[in-house]
Amino acid sequence: MHENAVHEYYLEKLRQMRADRHERLGAIRSRAAALAYQRRVRRAIRRAIGPLPPRTPLNARTTGTERRAAFTLEKVLFESRPGCLVTAHLYIPTGLQRPAPAVLGSCGHSPDGKAEPLYQEFCQRLARAGFVVLIYDPFNQGERDQYHRLKDRSAVASCTHAHNMMGKQLELVGEWFGAWRAWDGIRALDYLLTRPEVDPSHIGLTGNSGGGTMTTWMWALEPRFTMAAPSCFVTTFAANFENELPADCEQYPPGVVGAGLEMADFIIARAPDPVLLLGQQYCFFDRRGLEEAYGEVRSFYDVLRAPPENAGLFIGPRGHGFFRENQEAMVEFFCRQAGLKRPRRVGKIVGFDTASVNVTPKGNTVAAGAVPIYTQTAGRARELRESRPALTASKLKTLVADCLHLPERQELSPPHFRVLRPARLEGRAVARYLVETELPARALLHKRMEDGSRTYSLDVEKTVHLYLPHVSSAADLVSDPLALAAQSKHPLYALDARGMGEFMPEEERRNYTYPYGMDYMYHGYGLLFGESYLGRRVHDVLSTVDLLVSEGARDIHLYGRGQGALLALFAALLHRRIRQVVLKNLPLSYDDWTRVPLVAWPAANFPRGVLHHFDLPDCIRALGKRVTLQQPWGPDMKPLRADQSRRRLKQVGLPLRVLSGR
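Okay, so the sequence shown: first residue is 1 according to this note's numbering, each after it adds one.
Just to be clear, a hint being listed does not mean it is correct.
[Unchecked claim] Taking lysine-lysine and the DSS-like style, the derived pairs with C-alpha atoms no more than 30 Å apart in a straight line are:
#1 K13 x K397
#2 K341 x K489
#3 K462 x K650
#4 K362 x K341
#5 K489 x K638
#6 K650 x K395
#7 K397 x K362
These aren't lab readings, by the way, just hints derived from the structure by calculation.
The structure presented is a predicted model; accordingly, all values stated were derived computationally and were not measured.
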């Protein structure tokens, strides 16, 4: 019934943003106006990417070569940042007499990375056409499995799931996985430009799918690239959302949609430099969005009076992938821009088997001495922990509200609510109230009733007991001992915040922790808007408490379990009417989530940049005697042993009295 509420919330925001953007673009008539818009776009992109790390020695070396008639393949190893080893292949055309144009290849989401046959194929087409080509492995592809030492890798078995694992941990320290990916590419370019075979005046950039993503981001970031051809990625953020297409965490640049940008703006940022947008007829990245993006790019280039050939579009006849037709279009485009002869059509290309072209001895950079990304994230979290100042209660509340990007609430204007038809739960009537916390997003308040005749009104006690579930009120009210104990003593309300309980899409109810579910996608679009999906759920709780107070409640006793415990913790800190709070299955620290390779908690529970400002023990400490903890959960979303809980409380400076054995 309500499972589309969150979707409609973000869709409405997207459509309003796009209407405003369309008006801005439509008003551009002069070169001066176009350049002013471009400057605005570039600033927004830079803010989204964030500060990049300092350049450190590449420590590059060639570990082997493979020779073919048309080219030589060098196996290259370099460090994009200290301890971060990157494996790459350098294709050098046979018989070069002078520096040649070059292309950086960015891999899509293939397990084999640079050794994927289609990626070997496009590199060889370019080399046969006269280009020097460098293609490098992304994290958890090819030779860069960051979880090489783990026995159980099921949670990160695919490279995309691994990326999302790394990404949500990086969010805690305020970083974006896409920036890490882009930095690898920028340092790969640094290496490419050290080679005497390369003409720096003609440097291309291409890739498909995830490689198309990085091509798009790096094209906007790095002016040393002179031409680009992203394939099977560019569409619109709106099309992906409308089509219920969750993206990888590196495909959600923080704040860009909130700044009024669409994907086309990453191309517009480099106008009038040459770019070819590539897609496929049957790609899941909507070709309507690609055609829209190209239309905007074409119009912008026309205002700048760019040569017609500087902005092109090619849509191949197949499904998602960098197949021959798109490769040939890309090579021909780069040849035209670099002044090379139109390449002869290449027939079948015979590639290398993966083992023969491994750069590292065991085919893994961690085995070769690389520092895994989760270890680097833990190091950054430690630096933040050691540098955070002590916080006053008022300062902490301000930081929490800012970190969660909470919208303003009018305390004297509680949200409107609707009385829905009652339900039955294990034979008892349940009143249901739809709370309009931030339309079209809503929260659903439940109350189990002894008298079914009273389910059509909201009669609030002076002391209210409110329960926040881990996933669903309907499930917890009949199964969780905390909820059952509270119900046995008091009239009990339960609240499903947005995206939870009845607001969950059907498939989400079967597996809410799925790394590519709708809940994950809503978190991603929260990031794109510069919001916090977690913060919006906290807002639902706070607004519902406002409603209960307006209806006569004087004191609120709050209970939360799992994900609901996080919501309850923040709400109790921020709302003065919450007198007592019981937190069951609460994580004891966000910092703990950076100290392990794998974290089972869904992405929606990760507030971006939180460890720059505070951690959960700060919030627990600020609640003083009002808070009780039950059965804390670890990063794996499983209960800590009693001795582990006590030890961790001591480590973070919390009194043992907050821990209840019940």
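Quick rundown of the hints versus the structure:
| no. | hint | verdict |
| --- | --- | --- |
| 1 | K13 x K397 | holds, 27 Å |
| 2 | K341 x K489 | violated, 83 Å |
| 3 | K462 x K650 | violated, 37 Å |
| 4 | K362 x K341 | violated, 40 Å |
| 5 | K489 x K638 | holds, 28 Å |
| 6 | K650 x K395 | holds, 24 Å |
| 7 | K397 x K362 | violated, 50 Å |
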